[in-house]
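Novice: What follows is each chain in one-letter form.
There are 2 protein chains.
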Amino acid sequence: MAIEEHGSEPEAVPGGEATTGPRVARSTLRRVSAGRAGRAATIYDVALAAGVSHQTVTRYLNGFAGIRPATRERVEKALKELDYRPNLAARALNSGRSQRVGAITHELDQFGPSKILQGATTAARDAGFVLDIVTVDLARPDVLNEAIEMLRRHDLAGVLVMSSTDTMSEALATADFGVPVYLGAEPDDTSGTDPSELTQFGFPALFDHLVGLGHHTFLHVAGPAEWSAARNRSRAYSTALAARGLSSAGVLRGDWSARSGYEAVMAAPDLAGATAIVAANDQMALGAILALTERGLRVPEDVSVAGVDDIPEAAYFSPPLTTLRVDFAAQGRAAFSTLLDRIRGEAHALEPALHADLIVRRSTARAPGPE
Amino acid sequence: MAIEEHGSEPEAVPGGEATTGPRVARSTLRRVSAGRAGRAATIYDVALAAGVSHQTVTRYLNGFAGIRPATRERVEKALKELDYRPNLAARALNSGRSQRVGAITHELDQFGPSKILQGATTAARDAGFVLDIVTVDLARPDVLNEAIEMLRRHDLAGVLVMSSTDTMSEALATADFGVPVYLGAEPDDTSGTDPSELTQFGFPALFDHLVGLGHHTFLHVAGPAEWSAARNRSRAYSTALAARGLSSAGVLRGDWSARSGYEAVMAAPDLAGATAIVAANDQMALGAILALTERGLRVPEDVSVAGVDDIPEAAYFSPPLTTLRVDFAAQGRAAFSTLLDRIRGEAHALEPALHADLIVRRSTARAPGPE
DNA sequence: AGCATTAATGTTGCCGGTAACATAGCGTGT
DNA sequence: ACACGCTATGTTACCGGCAACATTAATGCT
Numbered sequence: 001m002a003i004e005e006h007g008s009e010p011e012a013v014p015g016g017e018a019t020t021g022p023r024v025a026r027s028t029l030r031r032v033s034a035g036r037a038g039r040a041a042t043i044y045d046v047a048l049a050a051g052v053s054h055q056t057v058t059r060y061l062n063g064f065a066g067i068r069p070a071t072r073e074r075v076e077k078a079l080k081e082l083d084y085r086p087n088l089a090a091r092a093l094n095s096g097r098s099q100r101v102g103a104i105t106h107e108l109d110q111f112g113p114s115k116i117l118q119g120a121t122t123a124a125r126d127a128g129f130v131l132d133i134v135t136v137d138l139a140r141p142d143v144l145n146e147a148i149e150m151l152r153r154h155d156l157a158g159v160l161v162m163s164s165t166d167t168m169s170e171a172l173a174t175a176d177f178g179v180p181v182y183l184g185a186e187p188d189d190t191s192g193t194d195p196s197e198l199t200q201f202g203f204p205a206l207f208d209h210l211v212g213l214g215h216h217t218f219l220h221v222a223g224p225a226e227w228s229a230a231r232n233r234s235r236a237y238s239t240a241l242a243a244r245g246l247s248s249a250g251v252l253r254g255d256w257s258a259r260s261g262y263e264a265v266m267a268a269p270d271l272a273g274a275t276a277i278v279a280a281n282d283q284m285a286l287g288a289i290l291a292l293t294e295r296g297l298r299v300p301e302d303v304s305v306a307g308v309d310d311i312p313e314a315a316y317f318s319p320p321l322t323t324l325r326v327d328f329a330a331q332g333r334a335a336f337s338t339l340l341d342r343i344r345g346e347a348h349a350l351e352p353a354l355h356a357d358l359i360v361r362r363s364t365a366r367a368p369g370p371e
Numbered sequence: 001m002a003i004e005e006h007g008s009e010p011e012a013v014p015g016g017e018a019t020t021g022p023r024v025a026r027s028t029l030r031r032v033s034a035g036r037a038g039r040a041a042t043i044y045d046v047a048l049a050a051g052v053s054h055q056t057v058t059r060y061l062n063g064f065a066g067i068r069p070a071t072r073e074r075v076e077k078a079l080k081e082l083d084y085r086p087n088l089a090a091r092a093l094n095s096g097r098s099q100r101v102g103a104i105t106h107e108l109d110q111f112g113p114s115k116i117l118q119g120a121t122t123a124a125r126d127a128g129f130v131l132d133i134v135t136v137d138l139a140r141p142d143v144l145n146e147a148i149e150m151l152r153r154h155d156l157a158g159v160l161v162m163s164s165t166d167t168m169s170e171a172l173a174t175a176d177f178g179v180p181v182y183l184g185a186e187p188d189d190t191s192g193t194d195p196s197e198l199t200q201f202g203f204p205a206l207f208d209h210l211v212g213l214g215h216h217t218f219l220h221v222a223g224p225a226e227w228s229a230a231r232n233r234s235r236a237y238s239t240a241l242a243a244r245g246l247s248s249a250g251v252l253r254g255d256w257s258a259r260s261g262y263e264a265v266m267a268a269p270d271l272a273g274a275t276a277i278v279a280a281n282d283q284m285a286l287g288a289i290l291a292l293t294e295r296g297l298r299v300p301e302d303v304s305v306a307g308v309d310d311i312p313e314a315a316y317f318s319p320p321l322t323t324l325r326v327d328f329a330a331q332g333r334a335a336f337s338t339l340l341d342r343i344r345g346e347a348h349a350l351e352p353a354l355h356a357d358l359i360v361r362r363s364t365a366r367a368p369g370p371e
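First to last, the sequence lines map onto chains A and B. Mapping of the first sequence onto this note's numbering: position 99 corresponds to residue 99, and the numbering continues sequentially without gaps. Mapping of the second sequence onto this note's numbering: position 128 corresponds to residue 128, and the numbering continues sequentially without gaps.
Where hints are given, some of them may not hold.
Copies of the same chain look alike in the list, so a pair counts if it fits in one copy or across any two.
[Stated by the list, open to error] In silico SDA-like links for lysine to any residue, alpha-carbon gap of 20 Å or less: (1) LYS80 / PRO69; (2) LYS80 / TYR44; (3) LYS77 / ASN94; (4) LYS80 / ARG325; (5) LYS80 / SER169; (6) LYS80 / THR239; (7) LYS80 / GLU149; (8) LYS80 / ASP137; (9) LYS80 / LEU271; (10) LYS77 / GLN110; (11) LYS80 / ARG152; (12) LYS80 / ASP176; (13) LYS80 / GLY214; (14) LYS80 / VAL211; (15) LYS80 / ASP142.
These are calculated hints, taken from the structure and not from any lab test.
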């Protein structure tokens, strides 16, 4: 009777009639919220309805075996009737760990990152997790710090970082989340263990294709240098050329956008005899195609162009783009599952190799006649 | 001394030396975790360090004015030294409300939805919220229910739904989150209050442009019928035509993808004399352009093509695409702020009009000569 | 100076779970 | 028959905040 209640409606405080269970000690009685507006049922409500202690309910929920069938049945019935759902905030408070992982990203509108994120959320959902997503503006360190700060308060189980740029890495190196952090985008391979192995992203296949068409002078439209993915691709480009005894006619610097690809090619004084352009992503390849066209060069008759990513639109460019298909969703799923293993303290298997398939379309063709 | 500790290192339990504050009653002493590995400082740690009660710390944190300067200073110092950060799980448990809102979406790789989401996360961050994102597969109702279920447990402050398709709306109509829910994508305007006003998305400007170029027969490549955004755009198309005394030569059905635009145009037996094609998004316009080219028609000399969205690549299509620029990020921000107002129980101002700007590029030109 | 009043701060209890410990009931070996 | 041990279940305490109430210090007023 002495139970205080904030928004106490007069007719509240039920529970007097539900005296099914005989053995519930008085002290166990807490607030009985079942049936009250809004508030969900708790294990205490369930316990009362089933005539057992709240601990028995917890035991049931956690799959404890030693519960008598009769008791078990009563608990099950009560759970069902009250439509019980666990309160994860309470669980998190108790354990210090939640069923959420933070995801830091920026530029969600880019194909790669957003697709990786989608893969990660799928994997997260399947594991019963949700992603707490925070977007940051890399140009504003204060925003980044603020975001990190915010995530820290939410006692997350882990943190996934989707865009691996130097700015991001540096900021995260100093941040201490107290939980596992995993860089979900392409790892930076400047460690240079064996550049000719895993991280070639299908560039060998691409160059086999291009060389087979008679090309031997290439131009590269690179991504922004501070992205590890851009560096990886540039390195793969150089490595593939070197492996074939060829050398690059030049590297143009872009920022992933179609605009930057367009402007880079427009600004180049000449193409240095290159008959093929390899862009670090499809958007820049698209920009390059338009620029070439405006410079009076035909694609692919005069210049071949290839991209990386295989964005869904690439097959419908004019001309359809030859590219390297990257499975970003798989990358995202792998990233999450690696993180999850770390959260659980299990050593994860190997980093999956970053695989890419060559998709040949009409933007690459035989190199123009004898030079 | 009677304090039990799980991972009790021998030399733990400090606090004996920090007897700065004289007035702290013994009973207030809880576990002292400051300095312990991992665990963050709590208000109790701060209180002990400052020699005050935990409630005084809470008061300080909540901006309570009546604290003596001397006390205030001690608290501030302790907060800083211990690098205190509030535990949001505890706060959520207590209040039943968290600083998080759920975001349900699917197909994050699509430009519109992901850009809306980005806008929403930005607004959320500025308000001190994070978005708990869950992606669903509309084709699998069980996944959707599972996602809803998961979100319900996380006692969120609200839920934002990013993709407004019929399937989603129906599923959500029956789901009871117990918190405000807001459909963040384009609202469905079949309510038909006044179709000629807000939701014209810039179609009038587009048609003024096209009619000014001499076009009078149009073809529409629509989005999937179960998306309210697709219906809105189709309706805007029809309305704009009707307002000018023109009628549509036909509607082709796509699914937003470039592929669907391509296939729709390829499959059309003829163009019914249309000299301009208006697609419901840029991707389908891209596909349409390629299909037209393959059918031996030039864009824009023979057929003009326009899209909607102004994705970043649209300016670099061949030819660059005339389109209606939609500010998705603003839409996302508006959606979040509307939701936030509802969460706070304030009536929100009006729904912002869905505005779009006409961007004229080279894919639209004067209609071909006399018919 | 003495008492009422207000300002400043302390104590208790609760949110909803989980872990540790406590206890009642029952079978069993000797 | 009795101590022992196991099984099934109940009780207490705690996670870290916040709110309500309690208490003490400081001030005002006559």
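Novice: Can you give me the call for LYS80 and ARG325, within, between, both or neither, at a CA distance of at most 20 Å?
Specialist: This pair counts as neither: shortest intra-copy Cα distance 48 Å, inter-copy 50 Å.
Novice: Regarding LYS80 and ARG152, is the shortest C-alpha distance of 20 Å or less found within a copy, between copies, in both, or in neither?
Specialist: Classified as between: cross-chain Cα gap 16 Å, same-chain 36 Å, threshold 20 Å.
Novice: Which holds for LYS80 with LEU271 at a C-alpha limit of 20 Å: within a copy, between copies, both or neither?
Specialist: This pair counts as neither: shortest intra-copy Cα distance 71 Å, inter-copy 59 Å.
Novice: With identical chains, the pair LYS80 and SER169 could be close in the same copy or across copies; at 20 Å between alpha carbons, which is it: within, between, both, or neither?
Specialist: neither (47 Å within a copy, 26 Å between copies)
Novice: Given a CA cutoff of 20 Å, do LYS80 and GLU149 count as a within-copy pair, a between-copy pair, both, or neither?
Specialist: Classified as between; 15 Å across copies, 40 Å inside a copy.
Novice: Taking 20 Å as the upper bound on the Cα-Cα distance, should LYS80 and ASP142 be classified as within, between, both, or neither?
Specialist: between (48 Å within a copy, 19 Å between copies)
Novice: Measure nothing new, just compare the shortest in-copy and cross-copy C-alpha distances for LYS80 and GLY214 to 20 Å and report within, between, both or neither.
Specialist: Close neither inside one copy (70 Å) nor across copies (67 Å); limit 20 Å.
Novice: With 20 Å as the alpha-carbon cut-off, assign the pair LYS80 and ASP137 to within, between, both or neither.
Specialist: neither (46 Å within a copy, 27 Å between copies)
Novice: Give the relationship of LYS80 and PRO69 under a CA distance limit of 20 Å: within one copy only, between copies only, both, or neither.
Specialist: Intra 16 Å, inter 54 Å, cutoff 20 Å: intra-copy only.
Novice: Given identical chains, is LYS80 near VAL211, meaning Cα to Cα at most 20 Å, within a copy, between copies, both, or neither?
Specialist: neither (67 Å within a copy, 63 Å between copies)
Novice: For LYS77 vs ASN94, is the C-alpha pair at or below 20 Å within one copy, between two copies, both, or neither?
Specialist: Neither: 27 Å inside a chain and 28 Å across chains, both beyond 20 Å.
Novice: Can you give me the call for LYS80 and THR239, within, between, both or neither, at a CA distance of at most 20 Å?
Specialist: Answer is neither; intra-copy 62 Å and inter-copy 51 Å both fail.
When held up to the earlier numbered hints, the structure conflicts with 3, 4, 5, 6, 8, 9, 10, 13 and 14 and fits the remainder.
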